[in-house]
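Here the protein sequences come in this chain order: A, B, C and D.
The opening position of the first sequence corresponds to residue 1 in the numbering used here, with each subsequent residue numbered one higher.
The opening position of the second sequence corresponds to residue 1001 in the numbering used here, with each subsequent residue numbered one higher.
The opening position of the third sequence corresponds to residue 2001 in the numbering used here, with each subsequent residue numbered one higher.
The opening position of the fourth sequence corresponds to residue 3001 in the numbering used here, with each subsequent residue numbered one higher.
To be clear, the hints were calculated from the coordinates, so they are not data collected in a lab.
Even glycine gets a Cβ: it sits at the ideal position worked out from N, Cα and C.
Each hint should be verified, as a subset may be incorrect.
Claimed, not checked - Once the Cα atoms are required to be at most 25 Å apart in a straight line, the calculated BS3-like pairs of lysine-lysine come out as:
1. D:Lys3008 x B:Lys1020
2. B:Lys1323 x B:Lys1276
3. D:Lys3008 x B:Lys1008
4. D:Lys3250 x A:Lys250
5. B:Lys1029 x D:Lys3020
To be verified - If you anchor each label on the Cβ, the simulated ranges turn out as follows:
6. D:Asp3139 x C:Gly2256: 33 to 39 Å
7. C:Gly2327 x B:Gly1305: 49 to 55 Å
8. B:Pro1064 x C:Lys2291: 58 to 64 Å
9. D:Gln3326 x C:Ala2110: 54 to 60 Å
Number of protein chains: 4
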Amino acid sequence: MSYDLVIKGGEVVSSSGSFKADVAIVHEKIAAVGLELEGRHTVDAAGKLVLPGALDVHTHFQLPFCGTVSADDFFTGSRAAAMGGVTTFIDFAIQSRPASVMQTIEARKAEADPRVCVDYSLHAGITDWNEDRVAEMPDIFAAGIPTFKMFMIYKSEGWQSTDADIYCAVREADRYGGMVGLHAENDDLINLFQAEAEQEGRRGMYVHALTRPPVTETEAISRAIQIAEAAGGALYIFHMSTGRAADILKEARARGVDVQAETCPQYLLLDDQLFKRPDGPHFGTCPPIRKPWDQQRLWERLEDGTVEVVSTDTCTFNSQQKKMWQGDYRKTPFGMPGIETMLPLTYTKGVVEGRLDLGQMVAILSENPARVFGMWPRKGTISPGSDADIVIFDPRLEVTISHRHLATNCDYSPFEGMVCKGWPTTTMVRGRIVVENRQFVGEAGYGRFIERHPVRSPRA
Amino acid sequence: MSYDLVIKGGEVVSSSGSFKADVAIVHEKIAAVGLELEGRHTVDAAGKLVLPGALDVHTHFQLPFCGTVSADDFFTGSRAAAMGGVTTFIDFAIQSRPASVMQTIEARKAEADPRVCVDYSLHAGITDWNEDRVAEMPDIFAAGIPTFKMFMIYKSEGWQSTDADIYCAVREADRYGGMVGLHAENDDLINLFQAEAEQEGRRGMYVHALTRPPVTETEAISRAIQIAEAAGGALYIFHMSTGRAADILKEARARGVDVQAETCPQYLLLDDQLFKRPDGPHFGTCPPIRKPWDQQRLWERLEDGTVEVVSTDTCTFNSQQKKMWQGDYRKTPFGMPGIETMLPLTYTKGVVEGRLDLGQMVAILSENPARVFGMWPRKGTISPGSDADIVIFDPRLEVTISHRHLATNCDYSPFEGMVCKGWPTTTMVRGRIVVENRQFVGEAGYGRFIERHPVRSPRA
Amino acid sequence: MSYDLVIKGGEVVSSSGSFKADVAIVHEKIAAVGLELEGRHTVDAAGKLVLPGALDVHTHFQLPFCGTVSADDFFTGSRAAAMGGVTTFIDFAIQSRPASVMQTIEARKAEADPRVCVDYSLHAGITDWNEDRVAEMPDIFAAGIPTFKMFMIYKSEGWQSTDADIYCAVREADRYGGMVGLHAENDDLINLFQAEAEQEGRRGMYVHALTRPPVTETEAISRAIQIAEAAGGALYIFHMSTGRAADILKEARARGVDVQAETCPQYLLLDDQLFKRPDGPHFGTCPPIRKPWDQQRLWERLEDGTVEVVSTDTCTFNSQQKKMWQGDYRKTPFGMPGIETMLPLTYTKGVVEGRLDLGQMVAILSENPARVFGMWPRKGTISPGSDADIVIFDPRLEVTISHRHLATNCDYSPFEGMVCKGWPTTTMVRGRIVVENRQFVGEAGYGRFIERHPVRSPRA
Amino acid sequence: MSYDLVIKGGEVVSSSGSFKADVAIVHEKIAAVGLELEGRHTVDAAGKLVLPGALDVHTHFQLPFCGTVSADDFFTGSRAAAMGGVTTFIDFAIQSRPASVMQTIEARKAEADPRVCVDYSLHAGITDWNEDRVAEMPDIFAAGIPTFKMFMIYKSEGWQSTDADIYCAVREADRYGGMVGLHAENDDLINLFQAEAEQEGRRGMYVHALTRPPVTETEAISRAIQIAEAAGGALYIFHMSTGRAADILKEARARGVDVQAETCPQYLLLDDQLFKRPDGPHFGTCPPIRKPWDQQRLWERLEDGTVEVVSTDTCTFNSQQKKMWQGDYRKTPFGMPGIETMLPLTYTKGVVEGRLDLGQMVAILSENPARVFGMWPRKGTISPGSDADIVIFDPRLEVTISHRHLATNCDYSPFEGMVCKGWPTTTMVRGRIVVENRQFVGEAGYGRFIERHPVRSPRA
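Please take these sequences and the hints and turn them into a complete structure.
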């Protein structure tokens, strides 16, 4: 058989381990993994790792938020993805009432489709759980979206869901084999701490951390777990930030609750003392970055399989936008770039520093997210028949992170100055090379919306 | 020395164990525990147990609720207490806005003082946490009330507290060495389940259990524990009903959270199949009675010291009042009599049936509640200098529970027909015999309000 | 490229999951996994599973034991392996003093090499830990044997090792990246129970179970774990049979001890009531088969990853040999056939009955044993460059187990009558088909001794 | 009633708490605990604590060991006990074959009776478990000795018991309601480590700690627990020294094993760096003193009730005797004085420093040992009818420990220089004052052998 393209001589990695092999591609698919394969075109991967493209299941490109719009749009964002070895991302279609979820999805796809350079999907963000949502749920699944996002905070933005809403949504989603993901923080307590800070006139950036102490996350996660357990459906926790929450998750999974969680590089690598720097607002996210012992515990829970996914929660605001904070932490646009550095940072801090092995990294960045979110085995693995989403990663490249060399539309990186021992050099999406030798060669509109399948057996 | 009264020849019990001794009383106090003591009067206790009077830290006498008033007023209620070996109870002064807590306490004392036959105290029920409550807190402590009650449900009654209210109250109470107790149920979920039942036209009494599944309690307790842990103060859980909650409590205490809890005989002995009987509404309480496996687990947690207190949540509604339910479980006046049967039931089902030893029973019914609620060592122990609150308990009396022989103002008992292997025959409050040979010989107004001391070291 | 052979159209399975693909072979190796591969020869696998050959890391072929020799020699045993989808086994070279371990290995290889039909390796069985063993250890590793077997029992056979021996061996093996495996039973207690039974004149087959109660295993495993933990090396537990031991293992692994374990189909599927049957001796093994609740717990620990390997402990004694017991359980030759039924039974009772998924089965039978015992990625996976050890498994074949259709040299099967929902039809070892359409087409002497690499990083 | 003696005005302490009361004594017994009691004699305890005399359940007075005899004989040892507030001790009658246990008990009583100044009992030390031991067991119980001591080490001394011996002894003792206590160390591993040290020529005192690493204790305790669990009887662990063992104990008790343990002040307060001092041999005991983190964990397990007893393992060797070590740690007579300092050290390091409350201290030093060893309520409590074994303890006395002021026959104290915030001033045994104002006023031969009752219900 004659192959379109063969990636030759690399070390192919899966969660089981790695072996030296060529990878052959025909059109958009992986056609073979083997020895001495030949094709019309060849990419040399000798001395390099050949990884399934990473998935970032948590991005917010061109998101209107805090009176501005996140700085990475679907083009610059997905270009950054490609540059960082991410071949599929999942963004959000967050319902803005009175629009229905389906209308929001369509609108969001219309924004994304002409701009995306890699493949993508959407989570359906529900902000007003009611009979209309129940009614359109079959349509949402039919549209290839089996996962939902709800917020336990953001009451003033009109996004907050009640405990009862979450219970109902988990139960309803379970009928179709879906899963509800949550932004889990306790609104009531955060408001209290913010009001107290206000009374005392404290508004500095570090107050962001002080007014969202661990309990504001751990309580909400603990509550969500119990609600989902009672509702009998699957739960996903977005951007888990504290070590204690990871312990709660471990206990819940051990007793059989169907709950999964992600954490993000910022929670694994940064700590809240950064808020005290002049550029503190650059590090502002919700939930906030935490303490070194939280990092430590999160790594442990990644290593033991409790936390199955690393994502980025990319929501880029550049330094100009961050200035909106004007000395008041509450006005900070919360979010940061990250999709581009997820893979090299996880490799360096995880694999090179001995916290994970290569197979675990591929599980966490590719296999698990694909499986958890209904894209397996189309995405997340280098197997015949899968989409040819492949990253060639050079473990000998040493790269010091700087916004100057990054493709994201941002004039800083929260990981500025960190030294990565390895970097992706080539990225391929459905058989097409979109990054070559660290140069972007893709094009807006090449990426496709991926229809996902249910993540559990429908109850029916 | 010449004693006023000596109880002779009984087996005196403390949490450490028991020994044969006489107990001598001078005026209101225990003067001595010893051998061959002599006094001007003598009570023969040969062959009997001599116990410190039990404390019931959870009663609702003459409580206006559901458009009626609980049927046991302070007289009949405290008479029933005396008959059942309870020498001190703690009722509630639940603030009815716009009255202050202090005003409510005064009003409640005015109702109680002329009627009580045994000693009593009050928990301060707070229903609108705000600056006024902060301001009057020193006065409440000065009035001898170091414990508070807040409700996580009863929004429509205007009683509900938010997470932030609870956080603030726990923190504020801790300044003075106080403790916040909670009615812990998840309002939002209960409303959901009730609304769903309503949609389906289900209103029978068993629906009460179905609309308050375990998660409605366990989630609220779990949340409260985390809030109190973060606030850094002491927490008390009223009427814990589920086995899972008891496990959550055990885990929290093991990791160092300052939380204590009570359960009640109805949760230890009854199960929710009773709701299906014609007299189902008689068994209606909040939270509802549960499953046999919950009973089992609660006994285990009493035995291992996780649950430190048994109380009754006595809130008597007679069968006439219970008729208000008219086929709709939501209209049932929730509550039942119980103070009179707590001690003999705990003895029979706990000690005789081998779940507890005698010392554990005295700990659970007398020593622990006195200590937990700031009355130790004045109450709860047969020690020199303590109030002479003493029960002579005959372990050879076999009594089948029937409302006909009970002193409570109620025409049924939820424990009707249960056979008790032992019953209190004599009850003494501050040196005065108020029950003699199972006859009430006390009088309204003899009981006194007991000023309690802080339950923790004040922070200041 | 032209392939020697292509397995076409099957569902290729790895621990990550499965996908439809062809598998191409060149000479002894897998050359490619891909779509529409073509070769000079073709094997049709449409509708079938294509599995990496199973490994059985625990066999005793032609073992002199109890005055006889196990009935499956290296030929019939490895033929049965092939028929059952096992492409590599690990037998034992158990040192018989005064022979050295190296001499024993050489002798054992000489027995095996001309007879084996599939690939094999040996564990080095050490029965007299001393300076000579320390001295020859480098040679043993150089010979491709990084794993050792020691016995905590069999004192009279001269095989028993002391706690100190085990400590030293674990520590010494760790220097070279090796691992000590144990037969873990408490000799002293077994002797006691046997002596007591003897005093009472009880010798029936069920007494075998009674004289080896769970504590005789769990104590020994617990002790071994603590010794290995202190010695700082890796430990392997052979033929773990009790649920309690699996719990001990789970706890030990959670606190970081480097310990792994296997269980066997007889412990997962049989219970000790079988000893009461007339053919009870057929089921006699050491340790004995256990209770249904042990089975249940072992399955749970397989499912959660605590137990990583299933092996068979095949040590065939036919019914004639079993007659040696003559009414005295102690004279029973302990052992049974099993290598041939391991894969179909694990598939049926594990995958079909929902206890494991397909990927977990492949992990337990192929990937894990290859990795744990130093043969990864040469064995245990269908990846380019790996040995072409492949099983085509037909999930639609329903086979009722009977010794009549089995290749093992035994006139009964302990699993007689069990219905398997699926059976291997074709087995390939290093590219050569040795079983075709359930017919053995291999030949004695084709199998090779596989030199294994260290299982941990040498300490150097 | 006229009392012989009244202790007036002190704070009487039990495990439940404390209260101000007088304690009246008639002849040997406590006659009353009360207010304003009057007697022919009076002891003023104003401002002092009135404690039940402590029990030390682990002493070795005038023990032949290591070719010498422990320096405190029954007179000087029991005098030290009295001075330190210990009113009852339990020593050992360790069978020296071929003598029977009963013969040993009689011989040991003959040594003790004329010399003891406080009450005492004996554990029956069994060194050759066999049918003779089974036969004499009823006699041992009849002699008032329900507890046994066996050794897992000391093979060369002829004291070692096998696993089977322990199993049988636990089972047999259980028939009569008895309990087996163990010196739990792994002989085989200790011998290994000692032999290795010898090979390397290391014999310094610190080598004692190095050759008995934690595993030598934790493995043995873990093994003993499993054996006792299987045998179905009660187990006691003497002189537990490691934090890990305390965790093992906690886990075992939580799953229902009937096991209890003691630790000693040397394990709570000293660490193994002391071995490096010139007087290192003074600190030599078996097991050895450990690390600061072991101390920490042992205190935690005392606080949470896992470890119920503190004893001393007093086995005094003076500095002259310690010289026997002559530079070889193995020749050190292992043991140290301690009975005299147990109470003030536990008070100071436990109560004053906030690790225990007063009630817990009384539980650990008096109530629990009396209960655990079959002397409750005769010993261990200030209750009417109990023996008048009472200590008046002055919490305002500050005493710096020095052998110069101690009554023990030893020229050093392992706790030399520690400052105690409180010290016993008066000790009373069965109504007779034996220490008055820190002066010994007792007499040899006053103490009595206490016949103990079974510690569990006999199985019969």
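Give me the numbers of the hints this structure contradicts, sorted from smallest to largest.
6
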